[in-house]
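Asker: One-letter residues, chain by chain:
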Amino acid sequence: MFDLFKTFLQIGLFTFGGGYAMIPLIEKKVVDEKHWVGHEELVDLIAVAQSCPGIFAVNISIFIGYKQRGVWGAFFSTLGACLPSFLIILLIAFAFLQFRDNPWVEKFFKGLRPAVVALIAAPVFRMAKSAKINRYNVWIPIFATFAIWLLGVSPIYIILIAGLGGYAYGQYLRD
Amino acid sequence: MVVLILRLFWTFFLIGLFGFGGGYAMISMIQTEVVTHQHWMTMGQFTDIVAISQSTPGPIGINSATYVGYTAMLNAGYDPAWGILGSFIATFAVVFPSFVLMLIISKFLMKYKNHSAVESTFMGLRPAVVGLLAAAALLLMNEENFGNMSETPWQFWISVAMFCFAMIAHRVYRTNPITIILLCGITGMLLF
Chain A
1 MFDLFKTFLQ
11 IGLFTFGGGY
21 AMIPLIEKKV
31 VDEKHWVGHE
41 ELVDLIAVAQ
51 SCPGIFAVNI
61 SIFIGYKQRG
71 VWGAFFSTLG
81 ACLPSFLIIL
91 LIAFAFLQFR
101 DNPWVEKFFK
111 GLRPAVVALI
121 AAPVFRMAKS
131 AKINRYNVWI
141 PIFATFAIWL
151 LGVSPIYIIL
161 IAGLGGYAYG
171 QYLRD
Chain B
1 MVVLILRLFW
11 TFFLIGLFGF
21 GGGYAMISMI
31 QTEVVTHQHW
41 MTMGQFTDIV
51 AISQSTPGPI
61 GINSATYVGY
71 TAMLNAGYDP
81 AWGILGSFIA
91 TFAVVFPSFV
101 LMLIISKFLM
111 KYKNHSAVES
121 TFMGLRPAVV
131 GLLAAAALLL
141 MNEENFGNMS
151 ETPWQFWISV
161 AMFCFAMIAH
171 RVYRTNPITI
181 ILLCGITGML
191 LF
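Chains A and B are the protein sequences, given in the same order.
Residue numbers for the first sequence follow the numbering used here, beginning at 1 and rising by one.
Residue numbers for the second sequence follow the numbering used here, beginning at 1 and rising by one.
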């Protein structure tokens, strides 16, 4: 239980830029080190967390916590994921002006932003493997990427269409 | 005061319940509620909150809920101790709906994981998630994160170098993401 709390505390503390930025760290800590979920399960989990309301990263922590230790596991991993944000924001709210005007802080963030983008881009190909992308379904991620990136389609519609499409295709194969 | 706390709770509860599509989508909901409907703060104050929520660790939704809760109490004339209570209420309220929903869904998923309908649904979902992630990365490759090639070439090329460094360190050497982020942050302090 404490392990869940500690792991998600670390994830919450070192995730800059929200939601997807958490994925590389979750992959490293939760999948590679702790083996709480498999690579393929993580892909499923991202789909579920994305299609549920609420905060993506928190949704992921709830599922993993619940899978490991039931409701209390979910509670402690969520607490771990939220606590750093809560404390850091309070601290900043107390001392807002000093923080904003500090050029060192600004430079620090300028430096880490490209790294965050790289860390989000990096798991794409590994996930493609876990998701069993082949030449018959490779059009799905390509289509999804362009629909979101260039047409500004909300990811929630992509998830809905993909899920319904998969379900319909499964039914069609069985008939 | 009780009215304000109840309003904070209810507003963020609704945002948590209907906030589909991640942090950025949530921010526009929070903005509408907090600035336009409830008048808890000015648009300028809200913009500062968004900027800080984006550049501090943690999910953007949690960061902004915490900050809005605090600011709303202070703007209403209460002292910082009550601000902390406001933060707590807003943060709790924004997490609570998805906590309950995700518990139900997790239970359902673990039970029916091998059911054929669930399996074929995920057959469609999995490739789409790969696209989602790729789009998220592409959307972030913008001027805000990398600078402008002709206006701020120094920042731009250093950012590109940091991007490549982070990619190689992560993919080839399996360096811990925390280490990569700290290294690039410190490099930024020295070079920018």
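The hints are simulated quantities; they were obtained by calculation from the structure and are not laboratory data.
Keep in mind that the hints are not guaranteed to be accurate.
[Claimed, not checked] With a straight-line cut-off of 25 Å between C-alpha atoms, the simulated DMTMM-like cross-links for lysine to aspartate or glutamate are: (1) B:K107 <-> A:E40; (2) A:K34 <-> A:D3; (3) A:K129 <-> A:E33; (4) B:K111 <-> A:E106; (5) A:K107 <-> B:D48; (6) B:K113 <-> A:E106; (7) A:K129 <-> B:D48; (8) B:K111 <-> A:E40.
[As the list claims (entries may be wrong)] Quick look at which bits of chain A chain B covers, simulated, 3 or more residues with Cβ under 8 Å: (9) 43-52; (10) 55-65.
[To be verified] Anything over 10 Å on all C-beta distances counts as not near chain A; from chain B, calculated: (11) S116; (12) S150; (13) M162.
For clarity, every value in this text was computed on a predicted model and none was experimentally measured.
Positions of the beta carbon are idealized from the N, C-alpha and C atoms, including for glycine.
Asker: What hint numbers does the structure not satisfy?
Answerer: 4, 6, 7, 11 and 13
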